[in-house]
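Participant: Please model the complete structure; the sequences and the hints are all you need to start from.
These are the residues of each chain, in order.
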Amino acid sequence: MELGLDVTERNGYAILAVRGEVDVYTAPRLRERLVELVSQGKHQIIVDLEGVDFLDSTGLGVLVGGLKRLRSHDGDLALVCTQHRILKVFEITGLTKVFSIHDSVDAAVGGE
Amino acid sequence: MELGLDVTERNGYAILAVRGEVDVYTAPRLRERLVELVSQGKHQIIVDLEGVDFLDSTGLGVLVGGLKRLRSHDGDLALVCTQHRILKVFEITGLTKVFSIHDSVDAAVGGE
Amino acid sequence: MGEAVELEIPARPEYIALVRLVVSSLASGRRVLADERVDDLKLAVSEACTNAIEAHTAVDVHDRVRVRCHEGDDRFHVSVDDRGEGFDPGSLPEHPPVTDPERLNFERGLGIPLIRTLVDEVAFDSGDDGTSVTMTLYCGRVGED
Amino acid sequence: MGEAVELEIPARPEYIALVRLVVSSLASGRRVLADERVDDLKLAVSEACTNAIEAHTAVDVHDRVRVRCHEGDDRFHVSVDDRGEGFDPGSLPEHPPVTDPERLNFERGLGIPLIRTLVDEVAFDSGDDGTSVTMTLYCGRVGED
Ligand SMILES: Nc1ncnc2c1ncn2[C@@H]1O[C@H](COP(=O)(O)OP(=O)(O)O)[C@@H](O)[C@H]1O
Ligand SMILES: Nc1ncnc2c1ncn2[C@@H]1O[C@H](COP(=O)(O)OP(=O)(O)O)[C@@H](O)[C@H]1O
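Chains as they are written, first to last, in our numbering: chain A, 1 to 112; chain B, 1001 to 1112; chain C, 2001 to 2145; chain D, 3001 to 3145.
By construction, these hints were calculated from the structure, which means they are not laboratory data.
We put the beta carbon where it would ideally sit given N, CA and C, even for glycine.
Among the clues, some could well be false.
As the list claims (entries may be wrong) - Within a straight-line C-alpha distance of at most 16 Å, the following computed EDC-like cross-link-like pairs (lysine to aspartate or glutamate) qualify:
no.: 1; chain 1: B; residue 1: Lys1068; chain 2: D; residue 2: Glu3102
no.: 2; chain 1: A; residue 1: Lys88; chain 2: C; residue 2: Asp2035
no.: 3; chain 1: A; residue 1: Lys88; chain 2: C; residue 2: Asp2100
no.: 4; chain 1: B; residue 1: Lys1068; chain 2: D; residue 2: Glu3107
no.: 5; chain 1: A; residue 1: Lys42; chain 2: A; residue 2: Asp53
no.: 6; chain 1: A; residue 1: Lys68; chain 2: C; residue 2: Asp2100
no.: 7; chain 1: A; residue 1: Lys68; chain 2: C; residue 2: Glu2102
no.: 8; chain 1: B; residue 1: Lys1068; chain 2: D; residue 2: Glu3121
Unchecked claim - Which bits of chain D does chain B cover? Going by a derived footprint, with three or more residues having C-beta under 8 Å, they are:
no.: 9; region: 3036-3042
no.: 10; region: 3063-3074
Stated by the list, open to error - With beta-carbon atoms standing in for the labels, derived distance ranges:
no.: 11; chain 1: A; residue 1: Leu87; chain 2: C; residue 2: Gly2109; range: 42 to 50 Å
no.: 12; chain 1: A; residue 1: Asp106; chain 2: C; residue 2: His2062; range: 48 to 56 Å
no.: 13; chain 1: B; residue 1: Val1035; chain 2: D; residue 2: Gly3127; range: 51 to 59 Å
no.: 14; chain 1: B; residue 1: Asp1006; chain 2: C; residue 2: Pro2093; range: 54 to 62 Å
no.: 15; chain 1: A; residue 1: Asp6; chain 2: D; residue 2: Gly3127; range: 34 to 42 Å
no.: 16; chain 1: C; residue 1: Gly2109; chain 2: A; residue 2: Arg19; range: 26 to 34 Å
no.: 17; chain 1: B; residue 1: Ser1100; chain 2: D; residue 2: Ser3091; range: 57 to 65 Å
no.: 18; chain 1: D; residue 1: Pro3089; chain 2: A; residue 2: Asp6; range: 37 to 45 Å
no.: 19; chain 1: C; residue 1: Pro2093; chain 2: D; residue 2: Pro3089; range: 56 to 64 Å
no.: 20; chain 1: C; residue 1: Ala2123; chain 2: B; residue 2: Thr1082; range: 46 to 54 Å
no.: 21; chain 1: A; residue 1: Val7; chain 2: C; residue 2: Arg2075; range: 40 to 48 Å
no.: 22; chain 1: D; residue 1: Asp3088; chain 2: A; residue 2: Gly4; range: 32 to 40 Å
no.: 23; chain 1: B; residue 1: Pro1028; chain 2: A; residue 2: Arg19; range: 37 to 45 Å
no.: 24; chain 1: B; residue 1: Gly1012; chain 2: C; residue 2: Asp2035; range: 23 to 31 Å
Facilitator: Here it is, written out as C-alpha cells:
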C-alpha cells in the first residue's frame, strides 16, 4: 500500500500533501516525514488531507504528535480538509478544537 | 454485483452491450437476456464485451449456447472485444475459431 | 454458520487494508446501508484489528487474527477475535478535555472511543485467552435477494 | 501458518466476486507479479470456487468453501477446498475439436482446462470427503519489504 507524501513550500509554509490510506501500517511514514521537516527547521507546516481516502486513530495520533512538536518550537501544524468522512473522525474525537482546519491550501496559507 | 445489459438496434442487428463481471452468479442474467432477444425474433445479435471486466467459463458457455440457438434459426452471434485479458480466455479455449470477433460495433455491423 | 464470511489474517499491520476491503465490499452489497455507514464500519473494524494485532505482538503470539462478517435480517455484524492477553474495556484511562493543553500528550487511546461512536452496538468479550469485539450496524429492512 | 490469509465463504455464487477481490488485492501487492498474471490467477481461482460451490450444492452440503492464500519465497499459492464428493481430474471428458460443429453442444467443461493453462502449477487432491485445488504462480524474486 502506497502512501503519497509530497512537500512543497509557499509563503514560508511547508505544505505536506498526503495521498492514500493512513493507518497503523502507513502512519509511521507520515510521522517520519513530519519529524524530518521539523528537523530541517520547518516550523509552519500545513498537512493537506484532501487526497486521503482513509484515516484512523494512529493517523490522528501522528498529527497530534506533530502539532505538539511544532508548538514546542513556537510553530504550528494546520490542516486542509473538506472531506466529510475525514472531518467526521476529527469531530468525534474532539480534535476539531485542537487543530485549525481549512478549506483549501490557499486559505491555510492566508491564515484564514 | 451489477451486470449492465443494454440493448440497441442498428442495421437489423440487436447490439447487447455487457458491463461488469460475468461469472456463475451473473451469467444467468446474460443467458435470459439472450433467450429473450431470440424469442423476440432477433436473430442477428452482436454482444459487445468492451465494458466487461471479467469473464469466466460460465460466461463463455452462455455465449456458446446463444450462438447455437441463433444458428438453429439461421442467425448469428458475433462479438466485439479488443481487451487482451478477455480475448485471452477465448484464445485458450479455442473459441476464437467459433465466434467472429470484431474490433468495434461498427466493424461488426459492417460485417468485417 | 454457512452464512458468515470469515477472514483470517497474519497479525501484521499490512493486512488491515485487506480487512477494510472485504468489510466494505460486503457492507456496500447491502443496498440499505448508506456509504457513510459503510465508512463508519470500515473505520471501527480497522481500529479493532489494529488493537488485535497489537495484542498479539505484545505477547509474541503468532496466531492469525480472525474477522467474521455476518448478515442478520436487519443487522450487519463484524467480529474481530484475537488471542492476546485481554483487557478491561470498562476501565480505560480518560483523556483530558480537548481544551486542556495537556490533551496534546495523548497520541493514543482514540481507537475504542471511535469504535463506540461509529457503530450502533459494540460488545467486548475479553479474557485471559483473548478478546472478541463484535460491532453491529442496524440496516433497516433488507432488500429482497 | 501465521503467514497465510484464509477466507471462508458461504457456498453461494454471489461470494465468488469477493474471493477475486481478495486474491487480486494480495497478488497485486507483490510488485513482481505483472497485472496479466494477477488476472490469470483471478480467473483460475474463480473457476475453482465455482466448481467447489457446485460440488457442495450437488450433495446439499452447507459448509463454507475455504480459500487459502500463501506467499512463498518466489511462489504465490492459492488453494480452494471443498467438502463435496470429489472427482477424478484425470478422466474428464474431452471436447470435440473447435472445428467440429458438435463443439457447440458443449457449454460446460471449460473450467479445468482454463485453470491448467492459466497457472504455473496446479494440484488436485480429491477424495470422498472433498477436493483441494492448489494453484501456484511463479513470481521471480520478491522485492524487499
Ligand atoms: N484486543 C485487545 N487486546 C488487549 N488489549 C486491548 C485490546 N483492545 C484495546 N486494548 C487496550 O485498550 C487500550 C486502548 O485502546 P484504544 O482506545 O484502541 O487506543 P490505543 O490502541 O491507541 O492505545 C490499548 O492501549 C490496550 O491496552
Ligand atoms: N471441486 C470439485 N468437486 C467435484 N467435482 C468437480 C470439482 N471440480 C470439477 N469437478 C467435476 O469436473 C467437471 C469439469 O469441471 P470444469 O472443467 O470446471 O467444467 P464445468 O464446471 O463447467 O463442468 C465438473 O462438471 C465436475 O463434475
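Participant: State for each hint whether it applies.
Facilitator: For each hint, the structure was consulted:
1. B:Lys1068 - D:Glu3102: 10 Å, holds
2. A:Lys88 - C:Asp2035: 14 Å, holds
3. A:Lys88 - C:Asp2100: 21 Å, violated
4. B:Lys1068 - D:Glu3107: Holds - the C-alpha atoms of glutamate 3107 of chain D and lysine 1068 of chain B are around 10 Å apart, at most 16 Å.
5. A:Lys42 - A:Asp53: 26 Å, violated
6. A:Lys68 - C:Asp2100: Within the cut-off at roughly 13 Å; holds.
7. A:Lys68 - C:Glu2102: Satisfied, since the Cα-Cα distance of roughly 10 Å is no more than 16 Å.
8. B:Lys1068 - D:Glu3121: Violated: lysine 1068 of chain B and glutamate 3121 of chain D sit about 34 Å apart, past 16 Å.
9. 3036-3042: holds (count 3)
10. 3063-3074: Violated - the region 3063-3074 of chain D has 0 residues with a Cβ nearer than 8 Å to chain B, which falls short of three.
11. A:Leu87 - C:Gly2109: 42 to 50 Å: 21 Å, violated
12. A:Asp106 - C:His2062: 48 to 56 Å: 50 Å, holds
13. B:Val1035 - D:Gly3127: 51 to 59 Å: 39 Å, violated
14. B:Asp1006 - C:Pro2093: 54 to 62 Å: Holds, since aspartate 1006 of chain B and proline 2093 of chain C (Cβ atoms, about 58 Å apart) stay within the stated range.
15. A:Asp6 - D:Gly3127: 34 to 42 Å: Violated - the Cβ-Cβ distance for aspartate 6 of chain A and glycine 3127 of chain D, about 56 Å, lies outside 34 to 42 Å.
16. C:Gly2109 - A:Arg19: 26 to 34 Å: 27 Å, holds
17. B:Ser1100 - D:Ser3091: 57 to 65 Å: 34 Å, violated
18. D:Pro3089 - A:Asp6: 37 to 45 Å: The hinted range 37 to 45 Å is violated for proline 3089 of chain D and aspartate 6 of chain A, with Cβ atoms some 52 Å apart.
19. C:Pro2093 - D:Pro3089: 56 to 64 Å: 59 Å, holds
20. C:Ala2123 - B:Thr1082: 46 to 54 Å: 52 Å, holds
21. A:Val7 - C:Arg2075: 40 to 48 Å: This hint holds: roughly 45 Å between Cβ atoms.
22. D:Asp3088 - A:Gly4: 32 to 40 Å: 52 Å, violated
23. B:Pro1028 - A:Arg19: 37 to 45 Å: Holds - the Cβ-Cβ distance for proline 1028 of chain B and arginine 19 of chain A, about 40 Å, lies within 37 to 45 Å.
24. B:Gly1012 - C:Asp2035: 23 to 31 Å: 43 Å, violated
Hint violations for this structure: numbers 3, 5, 8, 10, 11, 13, 15, 17, 18, 22, 24, all remaining hints satisfied.
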